[in-house]
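Enquirer: Sequence:
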Amino acid sequence: MSEKSLRILVLAAHPDDAEFHVGGLLSIYGELDHCIRIVSVTNGAAGHHDMAGDILVQRRQTEATTAAAQIGATFEMWEHPDGQLAPTLDIRFQIIREIRTFQPDLVLTHRPYDYHPDHRAVAQLVQDASYMVTVPPIAPETPILPRDPVVAYFPDLFTRPNPLRADVVVDVTAQMDRIVRLLACHASQVFEWMPFNQGVLDQVPDNESARITWLRQWVEDFKAPFTERYRDRIIDVYGAQAESAIAYVEILEISEYARSLGAQEKQSLFPFVPQ
8 MSEKSLRILV
18 LAAHPDDAEF
28 HVGGLLSIYG
38 ELDHCIRIVS
48 VTNGAAGHHD
58 MAGDILVQRR
68 QTEATTAAAQ
78 IGATFEMWEH
88 PDGQLAPTLD
98 IRFQIIREIR
108 TFQPDLVLTH
118 RPYDYHPDHR
128 AVAQLVQDAS
138 YMVTVPPIAP
148 ETPILPRDPV
158 VAYFPDLFTR
168 PNPLRADVVV
178 DVTAQMDRIV
188 RLLACHASQV
198 FEWMPFNQGV
208 LDQVPDNESA
218 RITWLRQWVE
228 DFKAPFTERY
238 RDRIIDVYGA
248 QAESAIAYVE
258 ILEISEYARS
268 LGAQEKQSLF
278 PFVPQ
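Final position of the sequence shown in the working numbering is 282; the numbers increase by one with none missing.
In case anyone wonders, no lab produced these hints; they're calculated from the structure.
None of these values were measured; they are calculated from a predicted model.
Mixed in with the good hints, there may be bad ones.
[Said to hold, decoys possible] Mimicking DSBU-like on lysine-lysine, the simulated pairs with C-alpha atoms at most 35 Å apart in a straight line are:
no. : residue 1 : residue 2
1   : 273       : 11
2   : 230       : 11
3   : 230       : 273
Can you make the complete structure from the sequences, with help from the hints?
Expert: See below:
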């Protein structure tokens, strides 16, 4: 890892959220040999239709650790119950300590507007921790940071009360195979729980190769609407000529509650995006 390596901290609600939302971006950081740490704030214990408790928690721990290793990242799962997360002071202090200890250049997390209460809770926790990491009397056992990191929100398509603002547009077309491989590590989710939850479990192939092909289509179907919604912004960033070759993007919104992203720092954090 070079001396100029970035420190990327992902604070996600569940063990598969990082790969699901920003698997392409994390793959790029991994290829550039940056330092990536992924934290699941909950234990993932509610993410299955017929498996629960410690067995599921251990399975998801193994899946997430395996996925993280593919991009040179580390993974840690906290013990807060899945589906029951609330933005409490205790967890806020835990987030503050995590940010102070890891000292990230960039934090990636959920946006406050989301269908899942755990996602919204993590977004609120990170928002509330962002400035407080610089305040000495708060969680005083962990030294403060001289300045808070840049915080960027995962992409989503929700529109109320506000749609995602496309502050950073990352072309992940070339990373699609890696995204699929990362998600395939989370077999309990992409081949079992989510198909069950969406009523398509009977469509999941038994053959491993066919499963990957099926998952690739599922990922493409998930990401394609972002390319369509943000087509004009893609042209603004990459140019009309390059836009025609861009099939899939990951969009980030920069949090207004953390450090602002100036042009120079944007170039430092996202050198693979045209400025």
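Enquirer: Given the proposed pairing of residue 230 with residue 273, does the C-alpha separation stay at or below 35 Å?
Expert: Answer holds: residue 230 to residue 273 is near 24 Å, not above 35 Å.
Enquirer: Would the pair residue 230 and residue 11 pass a check requiring their Cα atoms to be no farther apart than 35 Å?
Expert: Cα-Cα ~31 Å, so holds.
Enquirer: Is the straight-line distance between the alpha-carbon of residue 273 and that of residue 11 35 Å or less?
Expert: With Cα atoms ~15 Å apart, residue 273 and residue 11 stay inside 35 Å; holds.
When each numbered hint is compared with the structure, no violation occurs for any of them.
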